[in-house]
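There are 2 protein chains.
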Amino acid sequence: MVPYITRHIPTYDLLGEENLLKIEHAADTILGEIGIEFHDDPETVQLFRQAGAQVSVVTENAWNIKFEPGMIREILKTAPPHFTQHARNPAKSVKIGGNAMVFSPSYGSPFIIDMNQGRRYATLADFENLIKLAQASPWLHHSGGTICEPTDIPVNKRHLDMIYAHMRYSDRAFLGSITAPERAADSIEMCRILFGTDFVSEHCVVMGNFNSTSPLIWDGNSTRGIRNYAEAGQGSILLPFLLGGAVSPVTMPGAVAQSLAESMAGCALTQLVRPGAPAILASFLSSTSLRSGSPSFGTPEPALGSLIMGQLARRLNLPLRCAGNFSTSKLADAQAMTQGMMSMMSAVQCGANFIMHSAGFLDSLLSMSYEKFMLDTDLCAALHTYLKGFEVDDDSLGLDALREGGPGKHMFGTAHTLAHYQTAYWESSLNDDQPYESWHEQGQEDAMQRANHRWKTTLQDYQAPSLDESTDEALKEFINRRKATMDDTWY
Amino acid sequence: MVPYITRHIPTYDLLGEENLLKIEHAADTILGEIGIEFHDDPETVQLFRQAGAQVSVVTENAWNIKFEPGMIREILKTAPPHFTQHARNPAKSVKIGGNAMVFSPSYGSPFIIDMNQGRRYATLADFENLIKLAQASPWLHHSGGTICEPTDIPVNKRHLDMIYAHMRYSDRAFLGSITAPERAADSIEMCRILFGTDFVSEHCVVMGNFNSTSPLIWDGNSTRGIRNYAEAGQGSILLPFLLGGAVSPVTMPGAVAQSLAESMAGCALTQLVRPGAPAILASFLSSTSLRSGSPSFGTPEPALGSLIMGQLARRLNLPLRCAGNFSTSKLADAQAMTQGMMSMMSAVQCGANFIMHSAGFLDSLLSMSYEKFMLDTDLCAALHTYLKGFEVDDDSLGLDALREGGPGKHMFGTAHTLAHYQTAYWESSLNDDQPYESWHEQGQEDAMQRANHRWKTTLQDYQAPSLDESTDEALKEFINRRKATMDDTWY
Numbered sequence: 001m002v003p004y005i006t007r008h009i010p011t012y013d014l015l016g017e018e019n020l021l022k023i024e025h026a027a028d029t030i031l032g033e034i035g036i037e038f039h040d041d042p043e044t045v046q047l048f049r050q051a052g053a054q055v056s057v058v059t060e061n062a063w064n065i066k067f068e069p070g071m072i073r074e075i076l077k078t079a080p081p082h083f084t085q086h087a088r089n090p091a092k093s094v095k096i097g098g099n100a101m102v103f104s105p106s107y108g109s110p111f112i113i114d115m116n117q118g119r120r121y122a123t124l125a126d127f128e129n130l131i132k133l134a135q136a137s138p139w140l141h142h143s144g145g146t147i148c149e150p151t152d153i154p155v156n157k158r159h160l161d162m163i164y165a166h167m168r169y170s171d172r173a174f175l176g177s178i179t180a181p182e183r184a185a186d187s188i189e190m191c192r193i194l195f196g197t198d199f200v201s202e203h204c205v206v207m208g209n210f211n212s213t214s215p216l217i218w219d220g221n222s223t224r225g226i227r228n229y230a231e232a233g234q235g236s237i238l239l240p241f242l243l244g245g246a247v248s249p250v251t252m253p254g255a256v257a258q259s260l261a262e263s264m265a266g267c268a269l270t271q272l273v274r275p276g277a278p279a280i281l282a283s284f285l286s287s288t289s290l291r292s293g294s295p296s297f298g299t300p301e302p303a304l305g306s307l308i309m310g311q312l313a314r315r316l317n318l319p320l321r322c323a324g325n326f327s328t329s330k331l332a333d334a335q336a337m338t339q340g341m342m343s344m345m346s347a348v349q350c351g352a353n354f355i356m357h358s359a360g361f362l363d364s365l366l367s368m369s370y371e372k373f374m375l376d377t378d379l380c381a382a383l384h385t386y387l388k389g390f391e392v393d394d395d396s397l398g399l400d401a402l403r404e405g406g407p408g409k410h411m412f413g414t415a416h417t418l419a420h421y422q423t424a425y426w427e428s429s430l431n432d433d434q435p436y437e438s439w440h441e442q443g444q445e446d447a448m449q450r451a452n453h454r455w456k457t458t459l460q461d462y463q464a465p466s467l468d469e470s471t472d473e474a475l476k477e478f479i480n481r482r483k484a485t486m487d488d489t490w491y
Numbered sequence: 001m002v003p004y005i006t007r008h009i010p011t012y013d014l015l016g017e018e019n020l021l022k023i024e025h026a027a028d029t030i031l032g033e034i035g036i037e038f039h040d041d042p043e044t045v046q047l048f049r050q051a052g053a054q055v056s057v058v059t060e061n062a063w064n065i066k067f068e069p070g071m072i073r074e075i076l077k078t079a080p081p082h083f084t085q086h087a088r089n090p091a092k093s094v095k096i097g098g099n100a101m102v103f104s105p106s107y108g109s110p111f112i113i114d115m116n117q118g119r120r121y122a123t124l125a126d127f128e129n130l131i132k133l134a135q136a137s138p139w140l141h142h143s144g145g146t147i148c149e150p151t152d153i154p155v156n157k158r159h160l161d162m163i164y165a166h167m168r169y170s171d172r173a174f175l176g177s178i179t180a181p182e183r184a185a186d187s188i189e190m191c192r193i194l195f196g197t198d199f200v201s202e203h204c205v206v207m208g209n210f211n212s213t214s215p216l217i218w219d220g221n222s223t224r225g226i227r228n229y230a231e232a233g234q235g236s237i238l239l240p241f242l243l244g245g246a247v248s249p250v251t252m253p254g255a256v257a258q259s260l261a262e263s264m265a266g267c268a269l270t271q272l273v274r275p276g277a278p279a280i281l282a283s284f285l286s287s288t289s290l291r292s293g294s295p296s297f298g299t300p301e302p303a304l305g306s307l308i309m310g311q312l313a314r315r316l317n318l319p320l321r322c323a324g325n326f327s328t329s330k331l332a333d334a335q336a337m338t339q340g341m342m343s344m345m346s347a348v349q350c351g352a353n354f355i356m357h358s359a360g361f362l363d364s365l366l367s368m369s370y371e372k373f374m375l376d377t378d379l380c381a382a383l384h385t386y387l388k389g390f391e392v393d394d395d396s397l398g399l400d401a402l403r404e405g406g407p408g409k410h411m412f413g414t415a416h417t418l419a420h421y422q423t424a425y426w427e428s429s430l431n432d433d434q435p436y437e438s439w440h441e442q443g444q445e446d447a448m449q450r451a452n453h454r455w456k457t458t459l460q461d462y463q464a465p466s467l468d469e470s471t472d473e474a475l476k477e478f479i480n481r482r483k484a485t486m487d488d489t490w491y
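Sequences listed follow chains A and B, in order.
With the numbering used here applied, the first sequence corresponds to residues 1 to 491, in that order.
With the numbering used here applied, the second sequence corresponds to residues 1 to 491, in that order.
Read the hints as simulated data drawn from the structure, not as lab findings.
Accuracy of the hints is not assured; some may be wrong.
Lysine-lysine pairs mimicking BS3-like chemistry, simulated, CA-CA at most 30 Å apart [stated by the list, open to error]:
(1) B:K132 / B:K456
(2) B:K22 / A:K388
(3) B:K66 / A:K409
(4) B:K409 / A:K22
(5) B:K22 / A:K409
(6) B:K388 / A:K22
(7) A:K388 / B:K157
(8) B:K157 / B:K456
(9) B:K483 / B:K157
This structure is a prediction, so every number in the text was calculated from the model and none was measured.
When you get a sec, could you build the whole thing from the sequences and use the hints?
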């Protein structure tokens with residue numbers, strides 16, 4: 001069990017220098033010629049104006065900002081190439097950037113899907129269950145954020161219960177709220193209770209995942225949240241969610257250029273607020289199904305686009321959030337994993353540092369699936385081995401095994417086999433590798449059925465990490481006090 | 001529809017020069033110090049002796065042959081880096097080697113699995129069905145060989161019916177029989193009827209897939225078959241099937257070195273028989289499940305091993321057969337595709353030229369699955385797009401779409417979107433990308449169920465390619481004559 005993965009294999013680089021320059025040039029053209037609009041946040045506009053960007057008024061609450069080529073890159077020079085997000089259990093703090101990779105659960109689904117009840121709105125009980133399942137998996141590294149939407153809790157209060165669940169049922173790092181600036185502020189305040197005010201002022205303990213409003217808008221809700229996190233020295237993920245042909249060019253190189261431009265502008269804001277604040281370049285690429293008109297996921301074009309994003313992030317020397325285990329399927333079937341693998345392999349091969357949506361994603365992100373969650377964490381386990389690569393040395397070349405046996409001799413009993421067989425191969429904890437006959441006698445279950453049993457037994461066996469009682473009380477007191485200041489709102 | 005894929009994206013190279021040299025050195029050590037045993041084929045031994053190899057007698061019918069470092073590489077210099085295997089429909093001839101990639105169905109399963117009948121022994125009717133399904137898919141390029149074992153036909157006669165089915169129900173290239181030298185000869189003889197004797201003497205029209213008897217043995221059944229194919233100028237695939245810890249070192253770098261050594265020795269034999277004969281370096285890597293003691297497939301170590309094999313084949317300047325869509329699952333579920341993707345992505349990313357087992361593989365190769373066959377061919381479709389990569393140019397960067405729309409404007413109606421939306425994204429023909437509600441109303445089918453419908457309708461719609469009547473008669477006459485010379489044997 002490791003707190004995060006250290007990638008020991010090379011990245012899969014798709015494009016050569018010339019084509020990367022073309023994409024970077026296109027991003028610069030977007031930033032310099034078309035510009036990014038900023039809405040409802042004059043302070044952000046003022047920060048960019050002071051930095052030398054060219055601001056023009058679009059409406060009373062909207063400004064178009066253009067950046068001379070190279071200006072954003074210059075601003076980004078203060079952003080850390082890697083940083084640590086601290087967990088309340090120090091052994092689980094994660095490095096983000098460089099060769100480090102962090103797997104984090106899926107984020108943002110309003111629905112839950114499981115084999116027993118089908119699809120239904122997610123509740124706080126589901127939220128807590130999924131935090132527990134994530135905590136129980138040695139193959140995730142992060143507790144995530146809105147692992148599902150607890151729709152039974154008022155919209156303006158649920159962030160408090162969500163943050164509490166991360167703090168109480170997990171001892172890993174997690175994401176704070178970003179749906180409104182005051183919720184971002186609450187997230188950071190609760191971290192001050194958990195970690196201590198002094199610690200928080202000096203360390204990154206929480207991150208927000210902020211979406212741009214593509215194409216080419218950062219709205220005030222996001223930018224004010226970004227400023228909150230950056231002022232507090234906390235981390236931001238700056239994410240354009242691009243549905244190709246709808247909010248980005250329908251051709252992937254254009255979507256990648258736009259993704260780079262939008263995310264760079266968001267990252268730059270963090271540096272203007274507080275140079276050195278942790279910022280993560282981010283990209284979420286998708287395609288569109290002609291037949292259904294719906295977004296599609298796990299297709300080859302976004303997988304290749306992610307490989308390019310990896311190259312671009314390294315050239316910028318910024319950590320990257322990219323891709324994940326995406327699917328349009330409505331259950332944890334063959335389609336779900338074909339799409340999920342297409343997408344997830346590109347995430348790890350592109351060298352992404354923070355891989356959101358590593359587990360549970362179904363139904364085009366509308367649903368979090370208990371069964372797929374378990375299958376995906378098993379894949380995450382395999383990817384730990386994949387990313388380790390091989391040491392090529394006398395021991396791993398194992399010529400002694402061949403010498404001891406020789407032509408035609410099985411190697412079960414050689415010294416080399418005996419020394420290595422227990423660690424030589426990764427083994428799934430969910431797959432059925434048995435002969436057909438054994439599988440048949442044992443009830444012919446498919447992977448989804450095994451995952452169904454597994455999440456139930458995992459919840460039964462779950463043990464909460466200890467939490468200091470006075471801290472727990474202080475968190476609850478804060479939550480009650482904040483809730484008492486607000487009437488419930490449901491949208 | 002293309003006769004084969006031309007790979008336009010880079011390969012995924014795992015190891016640097018130093019580690020590649022270590023593996024090559026280990027292979028040379030195997031060949032030079034431990035040696036390869038050759039059984040029951042004095043002519044092959046004589047060919048190697050004449051070439052300067054060091055032969056020592058092991059038993060009356062077994063010889064150990066050692067090769068000085070560099071000797072095999074020298075012999076292999078006459079092997080073509082790429083060649084064409086001709087199909088009876090010239091538009092479907094395949095290039096093998098270089099940047100060409102050929103997807104071929106799974107090979108060798110004695111059982112059939114389908115959703116309706118579960119697992120049962122395969123028959124000639126299944127064999128014909130699967131040839132038809134392969135022929136009907138635009139995403140495979142080759143008809144394969146023993147697509148399943150027609151167990152209702154006597155062992156000594158079934159090769160005749162299998163070759164006939166390939167010739168009659170497909171117009172693509174195919175693999176001939178290798179189970180006995182006289183069956184290899186029959187395969188080539190039937191090709192002479194189909195293509196004409198003169199054409200066959202000048203062109204590669206059939207290939208045999210020959211297995212070594214790992215560790216480090218080539219038996220006479222294989223080597224005599226290899227000699228038959230090579231003498232006729234036909235192609236050979238020289239394949240070690242390595243179950244790690246059983247017949248190869250349990251550590252992957254050692255298995256790769258052994259795979260290289262065994263396959264190179266097989267390739268060298270083809271060149272001694274007929275310099276310039278088409279030969280394909282090959283590798284089939286697997287792992288072992290500790291829990292069940294069974295072979296396991298679709299695990300990360302063999303996936304990485306395949307990436308290394310790709311690098312080694314390019315350094316040898318030989319075409320490569322490697323990996324495929326492997327699984328231990330007993331049905332076309334999430335496990336099947338997670339494992340299959342892990343393995344298949346490495347096949348395409350390592351630059352393999354002939355990808356056997358591209359469709360239908362289940363149950364550790366014991367079973368061919370109708371449903372998985374359909375799901376796999378849909379993945380093959382996606383991989384056509386993946387391997388195409390992107391042109392990065394003004395058109396694909398699509399800045400005009402952003403200029404026409406601008407910040408906050410959807411791009412559905414831009415000239416760029418309208419010009420590209422029909423071709424911008426690959427679309428699955430089997431996945432369900434619809435919203436949950438539509439999927440739910442339409443019966444909540446999973447991918448396996450959709451695949452079940454699809455193989456049945458595909459068989460209904462199948463149309464046989466035309467075949468000259470006199471050729472057809474001549475083939476049948478040959479088969480009847482050959483069958484009449486033999487009593488049935490069943491093992």
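Hints, verified against the model:
no.	hint	in the structure
1	B:K132 / B:K456	11 Å, holds
2	B:K22 / A:K388	19 Å, holds
3	B:K66 / A:K409	17 Å, holds
4	B:K409 / A:K22	24 Å, holds
5	B:K22 / A:K409	24 Å, holds
6	B:K388 / A:K22	19 Å, holds
7	A:K388 / B:K157	48 Å, violated
8	B:K157 / B:K456	29 Å, holds
9	B:K483 / B:K157	6 Å, holds
Taken one by one, the earlier hints fail for this structure only at number 7.
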